[in-house]
Amino acid sequence: MENEKHHCYEVELNRLFNIQSKENVIYFTVWVIACVICIGSNIGKNPADIRGVLIFLGGWLAVLFVRVFSAPKCLDVTSETVKFQKRTGLLRLLTRGYVMKGVGNGPQYTETVTVYHIKSIEYLQTPFEKKFSCGHIRICGDVNTGPKEKEERTFVIYGLKDFENTSAWMKDFIGLKAE
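Heads up: the sequence shown at position 68 corresponds to 68 in our numbering, and the numbers run straight through without jumps.
Just so you know, these hints were derived from the structure itself, not from any lab. Treat the hints with care, as some may be off.
If you anchor each label on the Cβ, the simulated ranges turn out as follows [said to hold, decoys possible]:
| no. | residue 1 | residue 2 | range |
| --- | --- | --- | --- |
| 1 | Leu54 | Asn24 | 19 to 25 Å |
| 2 | Ile39 | Trp169 | 45 to 51 Å |
| 3 | Ile55 | Phe155 | 32 to 38 Å |
| 4 | Thr112 | Gln20 | 22 to 28 Å |
| 5 | Lys161 | Arg51 | 39 to 45 Å |
Quick list of in silico lysine-lysine cross-link-like pairs, DSS-like style, CA-CA up to 27 Å [as the list claims (entries may be wrong)]:
| no. | residue 1 | residue 2 |
| --- | --- | --- |
| 6 | Lys86 | Lys171 |
| 7 | Lys73 | Lys119 |
| 8 | Lys119 | Lys22 |
| 9 | Lys171 | Lys119 |
| 10 | Lys161 | Lys119 |
| 11 | Lys148 | Lys86 |
| 12 | Lys171 | Lys150 |
| 13 | Lys22 | Lys171 |
| 14 | Lys130 | Lys119 |
| 15 | Lys171 | Lys83 |
| 16 | Lys171 | Lys73 |
| 17 | Lys119 | Lys148 |
| 18 | Lys130 | Lys161 |
| 19 | Lys86 | Lys22 |
| 20 | Lys161 | Lys86 |
| 21 | Lys86 | Lys150 |
| 22 | Lys131 | Lys161 |
| 23 | Lys22 | Lys131 |
| 24 | Lys83 | Lys161 |
| 25 | Lys83 | Lys130 |
| 26 | Lys86 | Lys73 |
| 27 | Lys83 | Lys150 |
| 28 | Lys22 | Lys73 |
| 29 | Lys73 | Lys150 |
| 30 | Lys171 | Lys130 |
| 31 | Lys171 | Lys161 |
| 32 | Lys130 | Lys73 |
| 33 | Lys86 | Lys131 |
| 34 | Lys131 | Lys171 |
| 35 | Lys148 | Lys83 |
| 36 | Lys119 | Lys83 |
| 37 | Lys73 | Lys83 |
| 38 | Lys22 | Lys161 |
| 39 | Lys22 | Lys150 |
| 40 | Lys83 | Lys22 |
Cβ atoms here follow ideal geometry from the backbone N, Cα and C, with glycine treated the same way.
Could you put the whole structure together from the sequences, leaning on the hints where they help?
What follows is the structure, given as C-alpha cells:
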C-alpha cells in the first residue's frame, strides 16, 4: 500500500515463519522434549489417564500460538526507515497483570520499533522458506531507546512474502549508501 506524500509502503509478512527464529527454536525444542517426557512418564504409570498430558499439550499450543503471532505482521518501509509493531509476550502480559484487565489492541500490548540510519540489510532464505517463496531479513540500524537516546540494534524479521520480488524491490527502494 502506497502513501503518495511520504512514499511509505506496507510489506506484509507471514507470521507462521517466526517459528524458525533462534529464540523460538530453542523454546519449542525444550517444550517438545518436556511433552515426550510427560507422555512417557504418564503412560508408564496409568495409560488410561491422559488428562494431564492433554492439558499440558493444550497449554503448549496456546504458548506456541502467542509466541508466533506476537511477531510483526507487516513492515512500513520508507526510503530511510523500516517500522514495525510487535506484541508483547505472554509472560510479560501475565507478570504485569494485563490479562486480568482484558487483552486488547491498546498501546500496552504493542511495541512500535522504527529503525532509521539503516547500516545494512541482509536478505536471507532457508531451504524451508524457499519452498514457500518466503524469506527473512536482518536489518541493522539506529533505534530510539529514550527521549534523547539512540542505540544501534539488529533485528531479524521472518516471513517476507514473495521473497525474490520483495527483496529486489527493497534493495532498490532503500538503496543503502556506501560508507
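Results for each hint:
1. Leu54 with Asn24: 19 to 25 Å: About 23 Å separates the Cβ atoms of Leu54 and Asn24, which means 19 to 25 Å holds.
2. Ile39 with Trp169: 45 to 51 Å: Check passed, 47 Å falls within 45 to 51 Å.
3. Ile55 with Phe155: 32 to 38 Å: Roughly 35 Å apart at Cβ, these two residues keep to the hinted range, so it holds.
4. Thr112 with Gln20: 22 to 28 Å: holds, 24 Å
5. Lys161 with Arg51: 39 to 45 Å: The hinted range 39 to 45 Å holds for Lys161 and Arg51, with Cβ atoms some 40 Å apart.
6. Lys86 with Lys171: With Cα atoms ~24 Å apart, Lys86 and Lys171 stay inside 27 Å; holds.
7. Lys73 with Lys119: holds, 23 Å
8. Lys119 with Lys22: holds, 22 Å
9. Lys171 with Lys119: Roughly 13 Å between the alpha carbons, so the hint for Lys171 and Lys119 holds.
10. Lys161 with Lys119: holds, 23 Å
11. Lys148 with Lys86: holds, 22 Å
12. Lys171 with Lys150: holds, 25 Å
13. Lys22 with Lys171: holds, 25 Å
14. Lys130 with Lys119: Distance of about 26 Å is within 27 Å: holds.
15. Lys171 with Lys83: Given pair Lys171, Lys83 holds - Cα atoms ~16 Å apart, limit 27 Å.
16. Lys171 with Lys73: Within the cut-off at roughly 20 Å; holds.
17. Lys119 with Lys148: Between Lys119 and Lys148 the Cα gap is close to 20 Å, so the pair holds against 27 Å.
18. Lys130 with Lys161: holds, 11 Å
19. Lys86 with Lys22: holds, 17 Å
20. Lys161 with Lys86: holds, 18 Å
21. Lys86 with Lys150: holds, 19 Å
22. Lys131 with Lys161: holds, 12 Å
23. Lys22 with Lys131: holds, 20 Å
24. Lys83 with Lys161: holds, 17 Å
25. Lys83 with Lys130: holds, 25 Å
26. Lys86 with Lys73: holds, 8 Å
27. Lys83 with Lys150: Roughly 15 Å between the alpha carbons, so the hint for Lys83 and Lys150 holds.
28. Lys22 with Lys73: holds, 18 Å
29. Lys73 with Lys150: holds, 25 Å
30. Lys171 with Lys130: holds, 19 Å
31. Lys171 with Lys161: Within the cut-off at roughly 15 Å; holds.
32. Lys130 with Lys73: holds, 19 Å
33. Lys86 with Lys131: Roughly 26 Å between the alpha carbons, so the hint for Lys86 and Lys131 holds.
34. Lys131 with Lys171: holds, 22 Å
35. Lys148 with Lys83: The hint holds at about 19 Å.
36. Lys119 with Lys83: With a Cα-Cα distance of about 15 Å, the restraint between Lys119 and Lys83 holds, given a limit of 27 Å.
37. Lys73 with Lys83: holds, 11 Å
38. Lys22 with Lys161: At roughly 20 Å apart (the allowed maximum being 27 Å), Lys161 and Lys22 satisfy the hint.
39. Lys22 with Lys150: holds, 25 Å
40. Lys83 with Lys22: Holds: Lys83 and Lys22 sit about 22 Å apart, inside 27 Å.
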